[in-house]
Amino acid sequence: QSTNFLIHCLTALSQKGYASGVERTILGAGPVLEAFGNAKTAHNNNSSRFGKFIQVNYLESGIVRGAVVEKYLLEKSRLVSQEKNERNYHVFYYLLLGASEEEKKEFKLQQPEDYFYLNQNNFKVEEGEDLRHDFERLKQAMEMVGFLPATKKQIFSVLSAILYLGNVTYKKKSSGRDEGLDVGPPQVLDTMSQLLQVKREMLVEALTKRKTVTVNEKLILPYSLNEAITARDSMAKSLYSALFDWIVLRINHALLNKKDVEESVNCLSIGV
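Take the sequence shown: its letter number 205 is residue 550 in the numbering used here, and every next letter is one higher.
If you're looking for bench data, these hints aren't it; they were derived computationally from the structure.
Here the structure is a predicted model, which means the values were calculated and not measured.
Beta carbons: idealized from backbone N, C-alpha and C, even for Gly.
For each label pair, taking beta carbons as the anchor points, the in silico distance ranges come out as: (1) V560 to S445: 51 to 61 Å; (2) V560 to E405: 50 to 60 Å; (3) A576 to Y417: 19 to 29 Å; (4) P567 to W591: 23 to 33 Å; (5) N561 to Q456: 42 to 52 Å; (6) V560 to E448: 42 to 52 Å; (7) L566 to G366: 47 to 57 Å; (8) Q542 to T514: 17 to 27 Å; (9) E471 to E447: 20 to 30 Å; (10) C612 to D590: 13 to 23 Å; (11) L404 to N571: 53 to 63 Å; (12) E474 to E550: 35 to 45 Å; (13) G366 to L570: 48 to 58 Å; (14) E405 to E572: 56 to 66 Å.
As a list, the in silico BS3-like pairs of lysine-lysine whose alpha-carbon atoms are at most 25 Å apart: (15) K453 to K421; (16) K453 to K469; (17) K582 to K397; (18) K544 to K453; (19) K544 to K563; (20) K582 to K498; (21) K416 to K582; (22) K429 to K469; (23) K497 to K453; (24) K498 to K416; (25) K429 to K582; (26) K450 to K544; (27) K416 to K497; (28) K516 to K556; (29) K497 to K397; (30) K516 to K582; (31) K544 to K517; (32) K556 to K582; (33) K498 to K450; (34) K449 to K582; (35) K421 to K582; (36) K449 to K469; (37) K421 to K397; (38) K554 to K544; (39) K544 to K449; (40) K421 to K554.
Turn these sequences into a full structure, and let the hints guide you.
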């Protein structure tokens, strides 16, 4: 939160005029990064789970000309498991409990307790929480940093697919001498296929087999049960991390970023 307050002060002190649009974009970036990078912990309801470096650049006249955002060390393990009295990243709860009925249908959304990645602790809405308001605030902030409606829909589809990944289950094949695994439930795989716009067969192969490339050949070998669960969780982590990286890239594009200029103020925030 202290980083957001500092950025608000820096932009407020800037002269109005040419850079007002850039200042608005800088202010919009804060809630977006917070939604995707912050989570409730045992000691902090809004704990940053990544390192963040922000450089605000100025013209000689004192007008904000742009900014640069860099992120470090996102806590990816939180996506698949959380300690007691802790939660996953804010954005999942905003989406599930803040979406309209139309959005819930479009993104195949359920309740938090229906997802393995969210139901490992007894989730409850805290006193004073307004997740519908938080979701609307997030969508407005995404618009401020240049995300078009179609892009926001793609982001929410990926988030929904990540949650469904945690509901993928495995069991050893019971027939024949095949050492492979059966993966399901079928409706979860179908939903993920629709959300990610990926063929179901490709998902099944990625979730059950590994590829090994040697000098002369490419081997496709079945996962063991433990390997498959690890691969499933690794896929969820990779999807979320890549999505976050892409969001930061888009934010920087909107911020007219130019690193290492002389007239700048730098702010480094370490997750606590």
